[in-house]
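Use these hints to put chain B onto chain A, whose structure you have.
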Amino acid sequence: MKRLALAAALVVLATLPLWVSGTYYVNIASQILFYAIFALGVNVLAGYGGLVSLGHAGLFGIAAYTGAKILTSGHGHLVTDVGALAVTVLAAAVFAVLALRGTGLGFVMITVALGQIVWGVAYRWISLTNGDNGITITGRPSPFGLVLTTPRGFYWATLVVFLLALASMAIFVASPLGAAVRGTRDQPRRMNALGYHVWMIRFVAFLFSGFWTGVAGLLYLYYNQFVSPQAVALTASAEALLMVISGGTGTLLGPIVGAGLVVVIKNVASAYIERWNFVLGAIFVLIVVFMPDGLVPGVTRLARRAMAAVRRPAPAAVAAARGPVGR
Amino acid sequence: MTALAVRGLDKSFGGLRVTSDVTLAVEPGERRLIIGPNGAGKTTLFNLITGELRPDRGAITLFGDDITRMPGRRRAHLGVARTYQIITLFPNDTLLRNVTLSLLGLTRMRWNPFVRLDRQEALITRARDVLARVGLAHLAERPLGQTAYGERRRVEIAMALAQNPRVLLLDEPFAGLSIEERRDVLALVGGIPRDVTVVMIEHDMDVALDFAERITVLHFGEVVVEGTRAEVVAHPRTREIYLGE
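Those protein sequences? They're chains A and B, same order as listed. All letters in the first sequence, in the order written, are residues 114 to 440 by my numbering. All letters in the second sequence, in the order written, are residues 16 to 260 by my numbering.
Next up, chain A with everything else stripped away, as it sits in the complex (with noise of 0.2 Å):
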């Protein structure tokens, strides 16, 4: 059964270009999938550790600048691309060495600081990343001779991209290390006792976030073919936080399904209201309302209890079948 689905949800992404029409939905698909890669990389803090990162768009934003300027110096895609993910996961060591002295509010501030600091370099220091004008780029890589330039050529790699990152978090939820992880999040004293390395196991993890945030920050910069201090902004980090939230923290489909519900907000209410920030804010409101775990756990929650209604005959018929007992 979860097999079929699997296998069903791969289908259907692999072959979406094929049959959704224009360009236009390609591209809002490719975009959901950098997001979804983003908000993956964030929910390894934020929902596995118990670590929440307001400052993870810095890492993003770090990858997208030095891939445009390692770009734009005249170096290859393959340089550019090892380049721009050693120096995010560099600079998510530096984060990390930083924002792990404090856990709880004590990282989130830290993580806070850290992501404004990228994002005052990106927008001051206008001689290395050219402020407010951003860098603009020319060209995708074409890896294996495939043509990245079209929407669907490029989806279809994001794709590929997508299900690895996937991949790699789903082994790694999974393994020891994982389960470590996580262990560090629900009793950290606990695992110092038991004779875990509590405080190495937070900065691997935050490595790793930090890998696949730097991946969908190269994606966003190839996609947009352009990069500027917007993408560092302190609300391009709570947006990816947001995403993690909305969806799910903690499991593998939320930040998917919370990237998904996010660019398609983004992209389809803007064409209808001008607020669409407020459409937004809405639908975040009622899922903490009505789903305080986020949309995926909530949703699971909600069919299971529908299942066992449908199951179980309705109260009304077990007691019409019992007949009449006594009051």
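Simulated from the structure, these hints should not be mistaken for lab results. It should be emphasised that the depicted structure is a prediction, and the values quoted were computed from it without experimental measurement. We treat Cβ as the ideally placed atom computed from N, Cα and C, and that holds for glycine. Errors might be hidden in some of the hints.
To be verified - Taking CB as the label site, the calculated pair distances span: (1) L399/A x A74/B: 53 to 61 Å; (2) F316/A x G30/B: 32 to 40 Å; (3) A351/A x P158/B: 28 to 36 Å; (4) L117/A x P158/B: 25 to 33 Å; (5) P256/A x R131/B: 29 to 37 Å; (6) P256/A x W126/B: 26 to 34 Å.
Only chain B this time, still in chain A's reference frame:
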């Protein structure tokens, strides 16, 4: 060689001296009871021994090795295990996963991000054996959050036993248990093999006295009385502290 030796240990929180020049030596295989009124510094002493707190002064040795400055996680690898007075377990996980995490903590596999933990049959079989030892094999697949308090107390002990410790520190293992449950836990603790040195903090004198060979009485962070069961019970200071005479 002494299993666990504490010499001249001091610890203050601000102006409050919670551990004051504490010295004690526990022999291998010994059953030691630590008693004392609330706030006597019993749990703080455990936290110092396990490395959750750093002492201001003094030394702690484990079978002759100085562990005073060693991080808590490394002490676990050297054979120090503890239970918590306030249940400190993984509420969303099953009992089996709780104990598996305890076993995993001492293996190198804990860093492995590639294999599936639920396929590690050797580890999981050992976890089931430990659960059977504390009489919880039938609840192995149940999430901890759906078990009774008395069962969680036994999981606490199972977590520590799983690590095959050389020195086991039990922090009020009978806290909040009914009389029958206390008997079960006492039998469990009594069944711990003699190669394990056991130090137990307990309020309940009736249960705990049967268990101990030597007793240390703490009061306001200081060792007031130490000796055999008979000596300590007969000591005027014990009576004074416990009965307010």
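Consistency of the hints with the structure:
For the pair L399/A and A74/B, the supplied restraint of 53 to 61 Å holds, since their beta-carbon distance comes to about 60 Å. Between F316/A and G30/B the C-beta distance comes to about 36 Å, which sits within the given range of 32 to 40 Å. Checked against the given bound of 28 to 36 Å, the beta carbons of A351/A and P158/B, roughly 33 Å apart, stay inside it. For L117/A paired with P158/B, a C-beta distance near 27 Å keeps the hint of 25 to 33 Å intact.
A hinted range of 29 to 37 Å holds for the C-beta pair P256/A and R131/B, which are about 30 Å apart. Roughly 32 Å separates the CB atoms of P256/A and W126/B, a value that falls within the hinted 26 to 34 Å.
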